[in-house]
Amino acid sequence: DVKVTQSSRYLVKRTGEKVFLECVQDMDHENMFWYRQDPGLGLRLIYFSYDVKMKEKGDIPEGYSVSREKKERFSLILESTSTNQTSMYLCASSLSNSGQGKNQPQHFGDGTRLSIL
Amino acid sequence: GNSVTQMEGPVTLSEEAFLTINCTYTATGYPSLFWYVQYPGEGLQLLLKATKADDKGSNKGFEATYRKETTSFHLEKGSVQVSDSAVYFCALSDRPSSGGSYIPTFGRGTSLIVHP
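For the protein sequence lines, the chains are L and V, in the order given.
For the record, in the first sequence the residue sitting at position 34 is 34 according to the numbering used here, with numbers rising by one throughout.
For the record, in the second sequence the residue sitting at position 105 is 105 according to the numbering used here, with numbers rising by one throughout.
Just so you know, these hints were derived from the structure itself, not from any lab.
There's no promise every hint is true.
Said to hold, decoys possible - Straight-line Cα separation of at most 30 Å, BS3-like style, residue types lysine-lysine; simulated pairs:
(1) V:LYS52 x V:LYS68
(2) V:LYS60 x L:LYS3
(3) L:LYS18 x L:LYS57
(4) V:LYS68 x L:LYS102
(5) L:LYS102 x V:LYS60
(6) V:LYS52 x L:LYS3
(7) L:LYS3 x V:LYS56
(8) V:LYS77 x L:LYS3
(9) L:LYS55 x L:LYS13
(10) L:LYS18 x L:LYS55
(11) V:LYS56 x V:LYS68
(12) L:LYS102 x V:LYS52
(13) V:LYS60 x L:LYS57
(14) L:LYS71 x V:LYS56
(15) L:LYS102 x V:LYS77
Could you put together the complete structure from these sequences and hints?
This is the structure in structure tokens:
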């Protein structure tokens, strides 16, 4: 089974701090994603990476950046946190499988609940 | 653009009741369709999928049929259990991105609460 591991389940930080959220997958997936999940809004895509060092902005990239130096690891960076970034953050990965890519499901980590005070 | 609309919850049922969670979609092409489930305190996990019209996905007693004519993918289960209490997300995959990959579009989720 694919395992997607997020480094922290809960984090509490203060406004203005720099925060790194780490995600590691163990199945050699090309694609990795960062979402935030808020009540009533569902999942919103922050950033997406389809290969090492390659990234693409999602629907809500403002205030975030990402890093993918190795295929298995995808980091979300909050350069200077604000209270409106309090949320549940979910990492996911999927196979690219050229030609069948749209049939590939995503595999999710258990999430990091981040609170900014 | 692509979109997924799910019925708003929460859906509250008694154990052994029949479940339907409606999902309709808008897509420009021919998407693959998915249902994911999120149990409390966990991430999403794939429940079932269908990749072309008239396909039926099934898993753990849940079923959904890809209806192209009505652009729907409703989730059903004949007899729910307390352990089915979770949030259910409908999703489609039809948004190509760089690198030849696809970015899914999710519905907002429907919470299911099953009472003993």
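If any of the earlier hints don't hold here, list their numbers in rising order. 13, 14
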